[in-house]
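> Going down the list, the protein sequences come from chains Z and G.
The working numbering numbers the first residue of the first sequence as 1 and each following residue consecutively.
The working numbering numbers the first residue of the second sequence as 1 and each following residue consecutively.
Calculated from the structure, these hints are not laboratory results.
Restraint ranges, calculated between C-beta atoms of paired labels, are given here: (1) Ala81(Z) <-> His105(G): 17 to 25 angstroms; (2) Leu27(Z) <-> Tyr17(G): 47 to 55 angstroms; (3) Leu78(G) <-> Asp63(Z): 18 to 26 angstroms; (4) His105(G) <-> Ser58(Z): 42 to 50 angstroms; (5) Leu20(G) <-> Val24(Z): 45 to 53 angstroms; (6) Asp63(Z) <-> Ala25(G): 18 to 26 angstroms.
The beta carbon of each residue, even a glycine, is placed where N, CA and C say it ideally should be.
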Amino acid sequence: MPLNEWIGLLFILAAAPFFLAGSVGLLRFPDLYCRLHALTKADNIGLGLLILGLMIQSLSLADFLKLLLIWLLVLLAGSTAAHLVARSALRQGRKPWERR
Amino acid sequence: MRRGKREISIFSGKGLYGALVRLVAFSLLWAVLTQGGGGWIIGVPAVVLATFLSLGLHAPISWRWRPMGVLRFIPYFLWQSLRGGIDVSRRALHPKLPIDPAVVHHTLLLPPGPSQVFFANTINLLPGTLSADLHEGHLTIHMLDAGLEYVMELKRVEERVADLFGVELKRR
Numbered sequence: 001m002p003l004n005e006w007i008g009l010l011f012i013l014a015a016a017p018f019f020l021a022g023s024v025g026l027l028r029f030p031d032l033y034c035r036l037h038a039l040t041k042a043d044n045i046g047l048g049l050l051i052l053g054l055m056i057q058s059l060s061l062a063d064f065l066k067l068l069l070i071w072l073l074v075l076l077a078g079s080t081a082a083h084l085v086a087r088s089a090l091r092q093g094r095k096p097w098e099r100r
Numbered sequence: 001m002r003r004g005k006r007e008i009s010i011f012s013g014k015g016l017y018g019a020l021v022r023l024v025a026f027s028l029l030w031a032v033l034t035q036g037g038g039g040w041i042i043g044v045p046a047v048v049l050a051t052f053l054s055l056g057l058h059a060p061i062s063w064r065w066r067p068m069g070v071l072r073f074i075p076y077f078l079w080q081s082l083r084g085g086i087d088v089s090r091r092a093l094h095p096k097l098p099i100d101p102a103v104v105h106h107t108l109l110l111p112p113g114p115s116q117v118f119f120a121n122t123i124n125l126l127p128g129t130l131s132a133d134l135h136e137g138h139l140t141i142h143m144l145d146a147g148l149e150y151v152m153e154l155k156r157v158e159e160r161v162a163d164l165f166g167v168e169l170k171r172r
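Okay, chain Z solo, but in the shape it has when bound (with noise of 0.2 angstroms):
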């Protein structure tokens, strides 16, 4: 395997932690706002990496580009779904989880 796609991979692989980190925060997190934070920071991240990795992996211009459109329209729609799911929950009235 050449060169590049051995350090592609270690990118791919260091995304992996992230997409579990995500997913046990949104079965730990005590609530929705809190959940929503470890969705769109995690997968954000996880998403980040794997998209980098390719990228080495390829190194074709053409696959350059679409990896970074998907990592920017998943950005922006990640971002906004979460905005948009927060505030229909506070203006719903759900009362935000606090530590006593």
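Based on the hints, put chain G in the right spot on chain Z.
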């Protein structure tokens, strides 16, 4: 809506120009996603439909990013969102679940318009902040840890976004 002076440009009020901008943008999107490989029999109707749909959902607005602002913003954003991902992952995996959430209110210094929306979206990816409501320049933020130094941090992000959009921050 009140708008900053930079936002009034050839874009505003010219429906045709706005439609053309989106048509070109969606065509480019298709070209990149298909890697220039064609499929325009489906692509052309999809692009036209997307243009109409997006104009129906949101009237053309004008905004621009300053090229130097973009160059300064990208590394800052990447670093901060990496911090955000690591921070929340650590908290999620830690046996004691070290979180202490709180809702805080932040009055934006950015002018109304796209820069405020961009700011609200940006802080969702930064450590510990989630924008939960944006209403007339007041942002409701859910903090994952109330102990974080968020006031200065938010101010810094606002400065970065103002630099990106080339707008002035209001003075408190």
